[in-house]
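Place chain B on chain A using the hints.
Here the protein sequences come in this chain order: A and B.
Position one of the first sequence corresponds to residue 0 (numbering that gives the first Met the number 0), numbered consecutively onward.
Position one of the second sequence corresponds to residue 0 (numbering that gives the first Met the number 0), numbered consecutively onward.
Hints in this document: simulated from the structure, not taken from any laboratory.
The beta-carbon is built from N, C-alpha and C at its ideal position, and this holds for glycine as well.
Warning: the hint list may mix true and false statements.
[To be verified] The calculated lysine-lysine pairs, modelled on BS3-like cross-linking and capped at a C-alpha distance of 27 Å, are:
{"no.": "1", "chain 1": "B", "residue 1": "14", "chain 2": "A", "residue 2": "139"}
{"no.": "2", "chain 1": "A", "residue 1": "8", "chain 2": "B", "residue 2": "96"}
{"no.": "3", "chain 1": "B", "residue 1": "61", "chain 2": "A", "residue 2": "154"}
[What the hints assert, rightly or not] Some, not all, of what chain B presents toward chain A, calculated at C-beta under 7 Å:
{"no.": "4", "residue": "289"}
{"no.": "5", "residue": "291"}
{"no.": "6", "residue": "375"}
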Amino acid sequence: MPNETSDPKLSEIDTMKSRLSVLLPGITLEWSEFRGQTRVICPANQLAKCLSAFREVGFDQLTDLTAVDLLEYGNADDRFEVVYCLLNVESGLRLIAKIYLNEPDLTIPSATPVWFGADWLEREVYDMYGIVFSGHPNFKRLLLPEEFQSFPLRKDYPVKGRGERHNFPVITRAES
Amino acid sequence: MPLELLESPDLDASKREGLWTLNFGPQHPATHTTLRLVLQLDGEMVIDAQPDIGFLHSGFEKLGEVLDFNQYVTIVDRMNYISPMANEIAWHHAVEKLMGIELTPRCTYIRTIFAELMRLHDHLLCLGACVLDLGGATAFMYAFNARETIYEICERASGQRFHTSYTRVGGLLYDVTDDWVAMVKDFVRNFPKVYKDFEGLVMKNRIFVERTRDVGVLSREEAIAGGATGPNARASGVTRDLRRDEPYLAYEDLDFDVCASQGGDCYARFQVRMMEMLESIKIIRQAIDKLPQGPIFAGDTGKAGIPDKKEVYRSIEGLIHHFENIMPNRQMPAPKESIYAATESPNGELGYYIVGDGTFRAYRARTRPPSLLHFALFSRLIRGCMLSDVVAVLGSINIIAAELDR
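Isolated chain A (complex conformation):
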């Protein structure tokens, strides 16, 4: 029976954690909290399993999917962090799941089979960071043109750009 005095949100988080440990045997999840936000670090090689387990415990919406380039971030050990912001629409519980990635292996399984809303979010992450999502149904750049070679939100890409605009192919009226 739930205790009257305890915070319902907290017991919900504990239930979620214990259900996850049953669903993911042998996988160590690293939990932390900051300003009331629950965060978890998953092992990158077990990502697909973790994502379907998160879906299983009630996180039915992928609110956001993004990445961070940790190249200039203090004494970070890894190069990239991929962040999944999950939400349980019914209860309003949020979870931030992270994985760490290093070059040269920047391929991770796509989340589109679990939440189809991941489609454009994954394409944007590829566009900006060059992280490849395998199993995505329509994988290509989203915002930048196909001819673009770099990944502009990486920290080694200059704010001013590398003059790509001058190299874009020019289509004349006669050709179009």
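For chain B alone, kept in the frame of chain A given last:
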């Protein structure tokens, strides 16, 4: 993007026979800004639509890593330029959550009033412009007349009609004056008349109803798994509103209802927006009556905010305080942590994922734009509709390309 790259993955060659391809945009009056659709048509029926975006991509998120928390506010209000202040409030909400700053009551109330004015601003344009696209110019003028008053209210508070850049970390650029309060009260008094006119012209207009009802239906499951939020999700029966579910600013003290519908079609989305306008007026009316007195910047020591200009020019303490908060090597450091914080913007959940690195600027400033996830749903909504419905569906999900592409 070239046409051959925009071929739909779900449409194989056998189904493609006899279809014709229509390019829609990027320059088209109904796209409002620049977005492109490649439609596959069977006669007048849309079999598939592939959106092509990125025409307005300007690297805002890269700029967010260069500018400090106060400077970047001038960029965020250019994202959803239909409701600029809603972006500013969301951005500084996330920054304040990262830094752990508690706002003063007066500041939260002023921000709440502005957030709701922006909701009216956005919904009026969304409704007005869509009706214009569907062929009714009159309602558009009524909507823009009301929006003009909101512009004037913004100008009175911040000195700028459009890109107000009004919020600051822990406070606001200026305090509001008594005549601003009078203007808002005046607006609240006059709005029900505008609403009544608008409702009569649009929501009870038979042509409008027939063109939007049962068009572009979004089911509840699709809305949840696809990441739809805000009025678009509420029109599909997802009764989630961050103002009620994760109260921020002054929403906890104010009485309002969450508007939702079960329809899921274009008409339901417009209906939810219409109902929300009345709730916004209710919130503004309560907030302006309760508007507390006191400082607008957080903290007694004033550490978080920029001091009043009078203090800066007339006292050495004020000058030092100003200096400490403006000079790049002396500003308040953000913790070496990351946070995701979201507000209920007029279009849906507008979130920011900020990574702090111990300085007064973001190491990573990710925007979660509601338009991006809504536009990704577009090809699902339009399949099986007529060519003329494209405009109705586009208008009803309220895509703002500047926010979509950033």
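Hints, verified against the model:
1. Using a Cα cut-off of 27 Å, the hinted pair residue 14 of chain B and residue 139 of chain A holds, with the two alpha carbons roughly 23 Å apart.
2. For the given pair, residue 8 of chain A sits about 19 Å from residue 96 of chain B by alpha-carbon distance, which is consistent with the 27 Å threshold.
3. Our distance criterion of 27 Å between C-alpha atoms is met by residue 61 of chain B and residue 154 of chain A, whose separation comes to about 9 Å.
4. Proximity of residue 289 of chain B to chain A is violated relative to the hint, the smallest CB-CB distance being about 26 Å (cut-off 7 Å).
5. With a cut of 7 Å, the hint placing residue 291 of chain B at the interface with chain A is violated, because the nearest CB-to-CB distance is about 25 Å.
6. Given the 7 Å rule on beta carbons, the hint for residue 375 of chain B holds: about 4 Å separates it from the nearest Cβ of chain A.
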